[in-house]
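Trainee: Can you make the complete structure from the sequences, with help from the hints?
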Amino acid sequence: MPQFVIERQVPGAGKLSESEIRDLSLRSLEVLREMGPRIQWLHSYVTEDKVYCVYLAPDESTVREHAQRVGIPADRVSAVRRLIDPVNFS
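Our numbering puts the first residue of the sequence shown at 1, with every later residue one more than the last.
These aren't lab readings, by the way, just hints derived from the structure by calculation. Here a beta-carbon is modelled for each residue, glycine too, at the ideal position from N, C-alpha and C. Honestly, I wouldn't trust all of these hints.
[What the hints assert, rightly or not] Taking CB as the label site, the calculated pair distances span:
| # | residue 1 | residue 2 | range |
| --- | --- | --- | --- |
| 1 | Ser-90 | Arg-38 | 31 to 39 Å |
| 2 | Gln-68 | Arg-22 | 20 to 28 Å |
| 3 | Asp-59 | Leu-83 | 16 to 24 Å |
| 4 | Leu-26 | Tyr-52 | 14 to 22 Å |
| 5 | Phe-89 | Arg-27 | 35 to 43 Å |
| 6 | Phe-89 | Gln-68 | 34 to 42 Å |
| 7 | Gln-9 | Val-87 | 28 to 36 Å |
| 8 | Glu-18 | Arg-82 | 28 to 36 Å |
| 9 | Asp-59 | Ser-17 | 30 to 38 Å |
| 10 | Arg-81 | Asp-23 | 28 to 36 Å |
| 11 | Phe-89 | Tyr-52 | 22 to 30 Å |
Mentor: As structure tokens, then:
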């Protein structure tokens, strides 16, 4: 299944409390269960004012549907074309 990186503008994201992060994560997981196996959340990176999430999904519209149903932004959705890591060049 294709992999996507979602960039979310979330002012103050780096200052969210554990409780706030847990609540958002649980809501996301609830919607993922409703949408079935066609979309999967792999992990997210939180920076000062953005959250970058990595998902598996059949297409961009499925990723955007998930964001809309959760009520979170999906400012940029980019399909991953290639993964590069140090192992590739060892």
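Trainee: For each hint, tell me whether it holds in the structure or not.
Mentor: A quick look at each hint next to the structure:
| no. | hint | verdict |
| --- | --- | --- |
| 1 | Ser-90 to Arg-38: 31 to 39 Å | 35 Å, holds |
| 2 | Gln-68 to Arg-22: 20 to 28 Å | 21 Å, holds |
| 3 | Asp-59 to Leu-83: 16 to 24 Å | 19 Å, holds |
| 4 | Leu-26 to Tyr-52: 14 to 22 Å | 20 Å, holds |
| 5 | Phe-89 to Arg-27: 35 to 43 Å | 39 Å, holds |
| 6 | Phe-89 to Gln-68: 34 to 42 Å | 39 Å, holds |
| 7 | Gln-9 to Val-87: 28 to 36 Å | 32 Å, holds |
| 8 | Glu-18 to Arg-82: 28 to 36 Å | 34 Å, holds |
| 9 | Asp-59 to Ser-17: 30 to 38 Å | 34 Å, holds |
| 10 | Arg-81 to Asp-23: 28 to 36 Å | 33 Å, holds |
| 11 | Phe-89 to Tyr-52: 22 to 30 Å | 24 Å, holds |
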